[in-house]
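Required output: the full structure, derived from the provided sequences and hints.
Taken in order, these protein sequences are the chains called A and B. With the numbering used here applied, the first sequence has no gaps in its numbers, which climb one by one up to 110 at the end. With the numbering used here applied, the second sequence has no gaps in its numbers, which climb one by one up to 114 at the end.
Heads up, a few of these hints could be off.
As the list claims (entries may be wrong) - Restraint-style ranges between C-beta atoms, simulated for each label pair:
(1) A:105 <-> B:10: 39 to 45 Å
(2) A:78 <-> B:40: 42 to 48 Å
(3) A:41 <-> B:18: 25 to 31 Å
(4) A:59 <-> B:15: 43 to 49 Å
(5) A:29 <-> B:95: 18 to 24 Å
(6) B:88 <-> A:14: 26 to 32 Å
Unchecked claim - When the alpha-carbon atoms are kept at most 25 Å apart in a straight line, the in silico DSS-like pairs for lysine-lysine are as follows:
(7) A:42 <-> B:71
(8) B:13 <-> A:97
(9) A:97 <-> B:3
Source of the hints: derived by calculation from the structure; they are not laboratory data. Ideal Cβ positions, reconstructed from N, Cα and C, are used throughout, including at glycine.
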Amino acid sequence: QKEVEQDPGPLSVPEGAIVSLNCTYSNSAFQYFMWYRQYSRKGPELLMYTYSSGNKEDGRFTAQVDKSSKYISLFIRDSQPSDSATYLCAFNTNAGKSTFGDGTTLTVKP
Amino acid sequence: DVKVTQSSRYLVKRTGEKVFLECVQDMDHENMFWYRQDPGLGLRLIYFSYDVKMKEKGDIPEGYSVSREKKERFSLILESASTNQTSMYLCASNLQGASTDTQYFGPGTRLTVL
Chain A
1 QKEVEQDPGP
11 LSVPEGAIVS
21 LNCTYSNSAF
31 QYFMWYRQYS
41 RKGPELLMYT
51 YSSGNKEDGR
61 FTAQVDKSSK
71 YISLFIRDSQ
81 PSDSATYLCA
91 FNTNAGKSTF
101 GDGTTLTVKP
Chain B
1 DVKVTQSSRY
11 LVKRTGEKVF
21 LECVQDMDHE
31 NMFWYRQDPG
41 LGLRLIYFSY
51 DVKMKEKGDI
61 PEGYSVSREK
71 KERFSLILES
81 ASTNQTSMYL
91 CASNLQGAST
101 DTQYFGPGTR
111 LTVL
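As structure tokens, this is what we get:
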């Protein structure tokens, strides 16, 4: 069984929709939870990170962590065509190495 | 602004060739990483280095080696390229001891082995 399972997608939504991206994990040693965004033909870049259960907001983006269920989500409000990208969840242990999900490709149509 | 650069964006090589992929970062980061990214398999760690001349195997090191002679440069070597090494290769770096620190990625090298 993989340590990280990410909803595979692809996902296609109309502009303005609320988007939910989800990952589950099995490794209890994961302490830090991150979302990366990867545009086509580019490397991933960090979008958000958190280390505690609950919600963290940054503009139109909300990262949600539920440690008891080993489940994390990224919500995008008022989605824009510029949000079209592949989103990767990532998890760190205290050792600093990251384990990535497979990615969900999102297309926001104008 | 952190910059991670990779020597080539696209590379085409023949089976059996020795291939060098180079990565350079300009932020004095101790840690450097090499991943490959394949559809349906996500990002998989090949090797990482936490200091000059230090290296550790990641999840899929077979068929690869690495070299870190200078802090800013981390090279991935395919000793004898095979078609199953056709992939997107991503280099990343971050600060040592920073579990929460983001990894900064380069733009990737798309390698095709014929």
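Do the hints match the structure? See the list:
Checked against the hint of 39 to 45 Å, the pair residue 105 of chain A and residue 10 of chain B fails, with Cβ atoms roughly 21 Å apart. Residue 78 of chain A and residue 40 of chain B have their C-beta atoms about 30 Å apart, which leaves the hinted 42 to 48 Å range violated. As the Cβ distance of residue 41 of chain A to residue 18 of chain B is approximately 26 Å, the hint placing it in 25 to 31 Å holds. In this structure the hint that residue 59 of chain A and residue 15 of chain B lie 43 to 49 Å apart at CB holds, the actual value being about 48 Å.
A hinted range of 18 to 24 Å holds for the C-beta pair residue 29 of chain A and residue 95 of chain B, which are about 21 Å apart. For residue 88 of chain B paired with residue 14 of chain A, a C-beta distance near 30 Å keeps the hint of 26 to 32 Å intact. For the hint linking residue 42 of chain A to residue 71 of chain B, the alpha-carbon distance of about 24 Å falls within 25 Å, and the restraint holds. Proximity of residue 13 of chain B to residue 97 of chain A is assessed by CA-CA distance (about 30 Å); at most 25 Å being required, the pair is judged violated.
For the given pair, residue 97 of chain A sits about 20 Å from residue 3 of chain B by alpha-carbon distance, which is consistent with the 25 Å threshold.
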